[in-house]
Amino acid sequence: MEFIWDGLKQAVDLLAHGDHDILVVVETTLQVAFWSTILALALGLPAGLALGLGRFRGRRVGLAVANSGMGLPPVVVGLVVALLLFRGAPLGELNLLYTLKGVIVAQTLLALPLVAALTAAAVQAVPTGLLEQARAFGASRAQVAGLALREARVGVLAATIAAMGSAFAEVGAVVLVGGNIEGETQTLASAVLVRVSAGDYGRAIALGTILLGLIMILAAGLTFAQQHERRGPLGRAS
Amino acid sequence: MSLTERHRRMAATAIALVVLFGAISGVAGAQRRALVVQSTTSVRDSGVLDQLITPQFKRRFPQYDLKFIAVGTGQAIANARAGQGDVLIGHSPKLERQFVKDGFSYERVGRTVMWNDFVIVGPANDPAGVMRKARTNAVGAFEAIAAAGAAGKAHFVSRGDDSGTNTKERDIWALSRIGRNAENEPNGNPGWYHKAGLGMADTLRLTQQCPFRGGGCYTITDRGTLQQLTHRRAITALRTVMDDQSARARGGGNLMLNVYNVYAVNPRKFRSVNLRGALAFLDFMTSPSFQSALARFPSSRRPGFFPAATPRVTLTRGPRRTVAAGDTVTVSGAIRSAIPGADPLTGLSVRLARLPTPVTPVVVGRARVSSSGRFTVRARVTRTGALFLTTPRFGSLSPLSRPLGRITARTGTSARALR
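As they're listed, the protein sequences go chains A and B. Using this note's numbering, you'd call the opening residue of the first sequence number 1 and step up by one each time. Using this note's numbering, you'd call the opening residue of the second sequence number 239 and step up by one each time.
Bear in mind the hints are in silico, worked out from the structure with no lab data behind them. Take these hints with a grain of salt, some might be off.
Below, a list of computed lysine to aspartate or glutamate pairs in the EDC-like style, where the Cα atoms sit at most 16 Å apart [claimed, not checked]:
(1) B:Lys305 to A:Glu182
(2) B:Lys296 to A:Glu93
(3) B:Lys391 to B:Asp364
(4) B:Lys433 to B:Glu421
(5) B:Lys332 to B:Asp400
Partial list, derived from the structure: chain B residues whose beta carbon lies under 8 Å from chain A [as the list claims (entries may be wrong)]:
(6) Val274
(7) Asp283
(8) Ala316
(9) Ala439
(10) Leu467
(11) Arg470
(12) Thr474
(13) Pro505
(14) Phe508
(15) Ser510
Note that CB positions come from ideal geometry on N, CA and C, so glycine has one too.
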């Protein structure tokens, strides 16, 4: 019990004094979350649209792959990415192992199936009649896709939140690919692991508190945007 | 555009800007050459990395981007063998010897940096009676724990992860009378022997918790990690039941020594190795300033590690301050490792060198250390200069550089020497 109280006090102290080490870890965490979410969206939205709306052979198989990808074990992804990035390995020339970019790549791979599968599910829930109508009026493929995305925006934002949340929570892949280097590839979640390992429960709880706070702030921001979207246009339309 | 929408857009832009700024500020400035150090976890868990190595090394070598990967010694060696590192820090001499033998080390012998010792910890009531039967006998202690385990009164928690500590543990089982398998673990998968697969700190916590039926748990740990966790009050219910291994006990007095060595990975194996950076790191770890900081960390009364880079020299005969040019100067004494009880440095080359300028020492005499650790170097001195003793880099320890003071060779007699 004492540890928890001490940890909370330490968290407040660290934040109040703008502890430089903590700020660096927070910055690293935000970078990983931001870039991996952006990349996962850039790749996952088109994939999700194709899987949800497209009519091509292997669509169901693709969907099944995306769905099972949501349960991708992070340590396995971390292991495979790390081994591919070893010096002398196929992708060793990229010099990504033990770098922030490498961590972002691994995290993008983990977030990608989340975005693709959730987007596919969301656009499939859009009434088909609406999209048929748009097609009948001569809308291009891109226009139909845009319409489906707009109609499915609540689900798409949920996919975004899921991608971002997985980045904040990720430890296994981050440690294997990034090496958990303080000031470079150490995120809040992996820093907690190190502090616990060193028996420094106070700082571990402090870091955990900050991590929880960050997740709550960003998820709340996106949720408000999501729910606002939901009410806004309808309200004006009436 | 409605007011609410404008607000929403402003908020979204603000969030995006804040995050983007963070992203850009971190990505810039990654131009320095990377130096990857594969290390055992205890260097990090003991606080030595954060508080000594990182700040000092970054200040002295800002051109290198230090990437310190803390994993078990087994994994560190595997990573280094896969070319994934420039420097290796280990504490498992047996695994490291193979690493050197297979040509992965740039130097023929690793450089010893520091040492502490392994101890055996267990519950305060000591159900296996280790303190009574084998207070200073590691092998005896293991046998007592195994006997109590078979009787359902005790358990042993093993790291089970090929780390330096795990290797040492299996070395001790190998010396015992307990039946063993090919891995030198107690044979037949006994119910009292548990392989945790965890780091040292987590293994200690598991040992303290001891979630097994009947009796208390024992484990072997390095003293540095134990002290750090006890200091942080993460470990409160364990006590040291065996330490200070007796010289007469099985395995000898050195059995429980825990020695940390550093190696530069051989660029012949992997062309991408940052050799200059690796050697700079090795020089740094064995430098007097780092070594003296180590002796005071975390406090000089209870350091987690003891410095061991330079051999200790006791002079029985030093040079005179003033000699006639051409005269022979004799320096003799004893040289031994800084690690107590370590083998004598038999055959180590000792050189007497003169320093006309700080960068170009001139070797004036050489000798080899005898089997009792003694040496005598003789040299003719023809010029004035500061003399010092050195051991070359490929000795079994880091190079020694011990100044002997400035020796003046009289000019009046140097004319005679020239004649």
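Checklist line | Those earlier numbered hints the structure runs against, lowest number first | finding: 2, 8, 12 and 13
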